[in-house]
Amino acid sequence: MFPYAAYLRIYEPVTAFPEPARTLWTAYADSRRRPRRIHALGAEHRDAARRVVSAPPEVAPDRESRDAYVRRVDDTIYVSPWETRLRSWLAFERFRGEHAAALAAAFVPPPQAERVTRQFEQWKRAGRPLRPHILTSTWHVPLDWFVPFARGERCLMLGAPSTGYAAADGRAADAPEEHAGHGPATAAPARTLIYVTSMGEARRRVAAALPVVRENLGDGSGEVFLLSAGRLDTLARWLGEFHPRALVELDYGGLVHLLDDRTLQGDESVAEMAVALTGMERGEVELTVAMYKRLLARWRPVRALESAN
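Position 98 (the sequence shown) corresponds to 98 in full-length UniProt numbering; numbering is contiguous.
Worth flagging that the hints you see were computed from the coordinates, not collected in a lab.
Among these hints, one or two may not hold up.
[As the list claims (entries may be wrong)] Calculated pairs, EDC-like style, for lysine to aspartate or glutamate (alpha carbon to alpha carbon, straight line, at most 16 angstroms):
{"id": "1", "residue 1": "Lys124", "residue 2": "Glu93"}
{"id": "2", "residue 1": "Lys293", "residue 2": "Glu268"}
{"id": "3", "residue 1": "Lys293", "residue 2": "Glu272"}
{"id": "4", "residue 1": "Lys124", "residue 2": "Glu201"}
Computed from a predicted model, the values in this text were never measured in an experiment.
Please work from the sequences and hints to get the whole structure.
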């Protein structure tokens with residue numbers, strides 16, 4: 001069972017990486033030993049679980065991961081590095097900032113925490129990049145993550161390996177290959193909901209939404225679950241850090257296990273967000289509120305499951 005988290009990933013063309021990374025990722029994409037798309041999330045989860053249950057817990061690996069998610073579009077290889085060490089550092093920094101020192105110490109002994117913090121500070125002082133290719137959100141999909149995508153970019157696959165695929169409209173479907181372009185980069189049957197778009201489209205949609213949201217909702221943080229111009233601006237700056245010909249992927253990840261097939265088939269979150277933004281722009285308050293309420297009604301109960309037991 002995957003962790004109950006969704007993921008926003010950037011796939012950069014392999015030519016965007018400097019040497020020797022470019023050569024290494026090119027060879028990696030052709031390797032038969034790398035984890036395929038259907039197995040990659042599980043492999044990440046197993047590695048993280050192993051580190052967490054060790055004594056003392058291993059907050060971040062000593063070396064950066066050499067694995068990545070891979071897509072092929074025509075003759076171009078796109079890579080989204082796992083960057084497990086960097087993502088672990090960033091997650092631990094957020095964890096310590098959001099919890100009291102005594103509570104944080106109950107999970108990670110202070111000597112271990114200080115060692116991890118020193119390592120991360122050394123990384124920062126060396127001028128290494130701090131923006132990961134993958135963002136993670138536990139127990140829900142942030143509303144701003146729906147903005148970069150369009151309804152037609154959705155690919156929903158239902159069913160299990162023993163039963164085969166059922167497409168979003170209920171028809172039988174073949175398992176898409178990793179080189180299938182804007183379909184999910186899946187090498188074998190899996191239950192998944194993914195959106196993929198070009199970086200150009202993602203930036204354009206976020207840029208168009210920003211002034212609309214700022215005028216109608218403001219920049220304040222407010223409730224953490226709601227949409228705001230501040231969050232959209234953060235997303236826009238993150239997208240701006242990558243190659244202009246990159247791909248952007250929203251993966252519902254393990255959240256699909258919290259929703260039944262009918263709920264996933266009826267999930268129109270991206271389309272509802274687009275309609276809400278159009279309503280804001282046109283001053284159609286009732287339409288905007290209706291779409292916004294539908295989004296909150298779908299995702300608030302999912303997020304509430306975090307503390308259900």
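A quick look at each hint next to the structure:
About 13 angstroms separates the Cα atoms of Lys124 and Glu93, which keeps this hinted pair within 16 angstroms; it holds. For the proposed pair Lys293 and Glu268, the alpha carbon gap of about 13 angstroms is at most 16 angstroms, so the pair holds. A hinted pair counts as satisfied when its Cα atoms are at most 16 angstroms apart, and Lys293 with Glu272 qualifies at roughly 10 angstroms. Between Lys124 and Glu201 the alpha-carbon distance is near 31 angstroms, which puts this suggested pair outside the 16 angstroms criterion.
Of the numbered hints given earlier, the model fails hint 4 alone.
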